[in-house]
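S.K.: Here's the letter readout for the chains.
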Amino acid sequence: MKVDLRKPEFVMKLDRLGSFHQSKLSFLRSFIREFKDWDFQTKEFNLDNEGYGHAIYTVQNRHKQYSLICFSNYLDESDRSDRVIATKWDASFVLFDGAPSKKDIERLQSNVPLQEQGRVSQKELCLSRANKSVRIFEHVVKHLSEGKQPDTKLLYDVGYLYRTTAVYGSGKFGLADRIKIQNRDEIKGPFRLEMMLVYLARQFTFDIVNHVAHHRCPEKAITLHDDIARNLGIGNSTGLGMAPFIVNHPALLNQWIVAKESALKAIRSIALINEIEKKSFQNYLTFIQENIKYWKTDSEYQIKKNKQLLKDLENFQKYFNNLSLGEYFWNSVYQWVEKNTQAECCEFIVSLMMEVYPEIVEPLSYEMSINEEEYFDIDTSRPIYEISQLIENQYTWLLNINFDKKDNIFNFWYYSKNKQEPRLSDRFSEEGADLELPLAIARDIQNLYQELKLMDLKDDLGSYLLKSQRYRHILRRVLICEKLPYSEIQDNTISKSVIPVDMLRLKLSFFGATRFDPRSDRWVRITMYQGAPLMREIHQSNDSWSYKKIA
Amino acid sequence: MQSLYEIETTVLRSSRTQGLSWGVSEEVGKAIRVLEQSNLAGLESFKRIIDLGFDNLNKLLEVNQINTNNLCPIHFGLFFLDQSHKKKFHQTFHFENLVEPLISLPFLIKAAKKNLIYFHLDSKELVLNISPGSLFSVDKNQIPQVISKFSLKLTTQREMQFSPKTWDDLYKLSLETFVDESEEKRISGAGAGLTDND
Numbered sequence: 001m002k003v004d005l006r007k008p009e010f011v012m013k014l015d016r017l018g019s020f021h022q023s024k025l026s027f028l029r030s031f032i033r034e035f036k037d038w039d040f041q042t043k044e045f046n047l048d049n050e051g052y053g054h055a056i057y058t059v060q061n062r063h064k065q066y067s068l069i070c071f072s073n074y075l076d077e078s079d080r081s082d083r084v085i086a087t088k089w090d091a092s093f094v095l096f097d098g099a100p101s102k103k104d105i106e107r108l109q110s111n112v113p114l115q116e117q118g119r120v121s122q123k124e125l126c127l128s129r130a131n132k133s134v135r136i137f138e139h140v141v142k143h144l145s146e147g148k149q150p151d152t153k154l155l156y157d158v159g160y161l162y163r164t165t166a167v168y169g170s171g172k173f174g175l176a177d178r179i180k181i182q183n184r185d186e187i188k189g190p191f192r193l194e195m196m197l198v199y200l201a202r203q204f205t206f207d208i209v210n211h212v213a214h215h216r217c218p219e220k221a222i223t224l225h226d227d228i229a230r231n232l233g234i235g236n237s238t239g240l241g242m243a244p245f246i247v248n249h250p251a252l253l254n255q256w257i258v259a260k261e262s263a264l265k266a267i268r269s270i271a272l273i274n275e276i277e278k279k280s281f282q283n284y285l286t287f288i289q290e291n292i293k294y295w296k297t298d299s300e301y302q303i304k305k306n307k308q309l310l311k312d313l314e315n316f317q318k319y320f321n322n323l324s325l326g327e328y329f330w331n332s333v334y335q336w337v338e339k340n341t342q343a344e345c346c347e348f349i350v351s352l353m354m355e356v357y358p359e360i361v362e363p364l365s366y367e368m369s370i371n372e373e374e375y376f377d378i379d380t381s382r383p384i385y386e387i388s389q390l391i392e393n394q395y396t397w398l399l400n401i402n403f404d405k406k407d408n409i410f411n412f413w414y415y416s417k418n419k420q421e422p423r424l425s426d427r428f429s430e431e432g433a434d435l436e437l438p439l440a441i442a443r444d445i446q447n448l449y450q451e452l453k454l455m456d457l458k459d460d461l462g463s464y465l466l467k468s469q470r471y472r473h474i475l476r477r478v479l480i481c482e483k484l485p486y487s488e489i490q491d492n493t494i495s496k497s498v499i500p501v502d503m504l505r506l507k508l509s510f511f512g513a514t515r516f517d518p519r520s521d522r523w524v525r526i527t528m529y530q531g532a533p534l535m536r537e538i539h540q541s542n543d544s545w546s547y548k549k550i551a
Numbered sequence: 001m002q003s004l005y006e007i008e009t010t011v012l013r014s015s016r017t018q019g020l021s022w023g024v025s026e027e028v029g030k031a032i033r034v035l036e037q038s039n040l041a042g043l044e045s046f047k048r049i050i051d052l053g054f055d056n057l058n059k060l061l062e063v064n065q066i067n068t069n070n071l072c073p074i075h076f077g078l079f080f081l082d083q084s085h086k087k088k089f090h091q092t093f094h095f096e097n098l099v100e101p102l103i104s105l106p107f108l109i110k111a112a113k114k115n116l117i118y119f120h121l122d123s124k125e126l127v128l129n130i131s132p133g134s135l136f137s138v139d140k141n142q143i144p145q146v147i148s149k150f151s152l153k154l155t156t157q158r159e160m161q162f163s164p165k166t167w168d169d170l171y172k173l174s175l176e177t178f179v180d181e182s183e184e185k186r187i188s189g190a191g192a193g194l195t196d197n198d
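Heads up: the protein sequence lines correspond to chains A and B, in order. For the first sequence, the positions run 1 to 551 when the numbering used here is used. For the second sequence, the positions run 1 to 198 when the numbering used here is used.
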């Protein structure tokens, strides 16, 4: 039996992309698989009794070393904000390429805590910051200093001690350009170094509570139990800055989606499976259903999705219990799920199916990067009629959208001057639409199509570009999509009904985030590395930690 | 020092503020990035264009256009990047002057590689050959801010860069890796059948 990849017009809809879950392909999991045999160490821990100062963690093998430098500073309550628009933080982090000298640390000490307002250099790879979850931090320190372990119910309701609000890499604020590191074997997967920073920062959050608790009461204090620490991740608050990334990097998006779709196709194509494989899937399903109860959110949108997920999983469990092993078992499972459950559950089951087959899925994680430069140039010798046909075939979904209707052009994306981050606003009531970012892809492809139709279709693209350069950037996308069909979100990203949080969710699921907690339709809190091995036990990781029962 | 990412995005956005389309701005960002990565003063050159103002520059829209004074290096480069696959452009053209020719170079280099063509730029201030090959070197101190009364020759023909004697000497030397063939070897050594047409 031949199983096809799911079609782009099915997968690339925002409501489906916004229902993706973490999987074996997620970057934080592939980071641990890649680095588990490296040596992780705490190199320096120079914090005062209150926990202010700096610490250095190193990750090295015989050939290479990376160092995370953590700065912990006093933060007045009035300055503490979860939003990316904050200007001061409890902790700031920088990932250094190699071993920093004393002079490097001094330089970084005066710049890293300033984040966007500071400058870093080509020696540094990633930059980030985090705030304490004040409630949890104080609770943990107090209990540990009194010789007691903290209340795990309270802890797991939140899921972390600190929340990061941004992780920057690839040349921002003077950081090293991607070109410097792209050929390193250990960095073949996307966002590897960002994942390293977050992993080490999580370790710092455990070390700092132990340190502060000890200095509060050296006689009584105990350290946070490993089992409790392991079940804490590191939080993250993410706003709209992340959303345009997946629109601005179509070739990269294609690689991520193709990896997932290829894994699913390969699993659905397995002709015969045994009872052990079925049982293994059931085990993962059982554990994760237990953990879903820790997914807390106040968002009506996400509450509805989570409720539907639980309901769908209940139905699925009944179906699965009665399912006997037949030919193309997983294909039958998938078809049932697609037909009988919502996207949230369907994509959840897809992620679970991947867990059973590491030999199929894990190699695909090395194919998730791409040299985007190779797709930049436009072949201007192509006849216009070919491109018109291409649009008709690839972008059928947008050709009938009426962009004269207010609701279909309601929003515009722009770049915030204050934060150098993308934002979304109402075009009809707010200023700035004249500085709109080129993220109105559906509208502009339709415009390009209409312009091409006015040309002599036998002419080539060079002739069109002589007449107009207005949609050059869009032409580039159309040609990318021809080669990489999963490169384009098939929804109108400026419509009134767009849910930007779906775009964040898509990216965050590939990062490996869990516990999606949208705080509005524009920003979301998530947890990373919850259940992951601690630094000193990373070499024992068997990649099943995402499905360990919390509590 | 600014990263290449910062240079590219800053140039892209600056270009956009000057009225260039997003697509053209993306091209300019990449071009300046390539120049800076090659230790050529692309950013300074770009800044001089901004100071001069795009309104004071002419876009090259056709090779026979009457006014080729103060040509914009971005549109000059884009023109050949987008059009040089056409045979009708494989000839020599004459222009009045080009402002900041450095900025045109990344476009011409890309066009040469993409369409397997050779550009020969000839002016009294600057002579340049750009080929589809990977090696290209230019002395940054010799690139003027303007070139005047210049020609640009486009050809698909590679020119011979060595003397017949050099070739003969090397070819003879290469023959020393061959084995002298006996009649028997000549018949059986090719590995095919005994007749050429079986």
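For the record, the hints were derived by calculation from the structure and aren't laboratory data. There could be a bad hint or two in this list.
[Stated by the list, open to error] From chain A, some residues computed to sit far from chain B (all C-beta separations above 10 Å):
(1) N46
(2) I179
(3) Y366
(4) L475
[Said to hold, decoys possible] Sample of chain A residues facing chain B (criterion: CB under 10 Å; computed from the structure):
(5) K148
(6) L175
(7) D177
(8) I181
(9) R184
(10) I187
(11) Y375
(12) F376
(13) D379
(14) Y415
(15) S468
(16) Y471
[What the hints assert, rightly or not] Distance condition first, Cα-Cα at most 30 Å in a straight line; then the derived DSSO-like pairs of lysine-lysine:
(17) K458(A) / K113(B)
(18) K30(B) / K507(A)
(19) K180(A) / K153(B)
(20) K123(A) / K47(B)
(21) K188(A) / K47(B)
(22) K467(A) / K7(A)
(23) K483(A) / K47(B)
Even glycine gets a Cβ: it sits at the ideal position worked out from N, Cα and C.
S.K.: All hints are to be evaluated individually against the structure, with a verdict given for each.
M.R.: Results of checking the hints against the structure:
{"no.": "1", "hint": "N46", "in the structure": "29 Å, holds"}
{"no.": "2", "hint": "I179", "in the structure": "7 Å, violated"}
{"no.": "3", "hint": "Y366", "in the structure": "24 Å, holds"}
{"no.": "4", "hint": "L475", "in the structure": "7 Å, violated"}
{"no.": "5", "hint": "K148", "in the structure": "48 Å, violated"}
{"no.": "6", "hint": "L175", "in the structure": "6 Å, holds"}
{"no.": "7", "hint": "D177", "in the structure": "5 Å, holds"}
{"no.": "8", "hint": "I181", "in the structure": "12 Å, violated"}
{"no.": "9", "hint": "R184", "in the structure": "17 Å, violated"}
{"no.": "10", "hint": "I187", "in the structure": "16 Å, violated"}
{"no.": "11", "hint": "Y375", "in the structure": "12 Å, violated"}
{"no.": "12", "hint": "F376", "in the structure": "7 Å, holds"}
{"no.": "13", "hint": "D379", "in the structure": "8 Å, holds"}
{"no.": "14", "hint": "Y415", "in the structure": "8 Å, holds"}
{"no.": "15", "hint": "S468", "in the structure": "8 Å, holds"}
{"no.": "16", "hint": "Y471", "in the structure": "7 Å, holds"}
{"no.": "17", "hint": "K458(A) / K113(B)", "in the structure": "25 Å, holds"}
{"no.": "18", "hint": "K30(B) / K507(A)", "in the structure": "26 Å, holds"}
{"no.": "19", "hint": "K180(A) / K153(B)", "in the structure": "37 Å, violated"}
{"no.": "20", "hint": "K123(A) / K47(B)", "in the structure": "28 Å, holds"}
{"no.": "21", "hint": "K188(A) / K47(B)", "in the structure": "36 Å, violated"}
{"no.": "22", "hint": "K467(A) / K7(A)", "in the structure": "35 Å, violated"}
{"no.": "23", "hint": "K483(A) / K47(B)", "in the structure": "36 Å, violated"}
Violated hints, in rising order: 2, 4, 5, 8, 9, 10, 11, 19, 21, 22, 23; the structure is consistent with all others.
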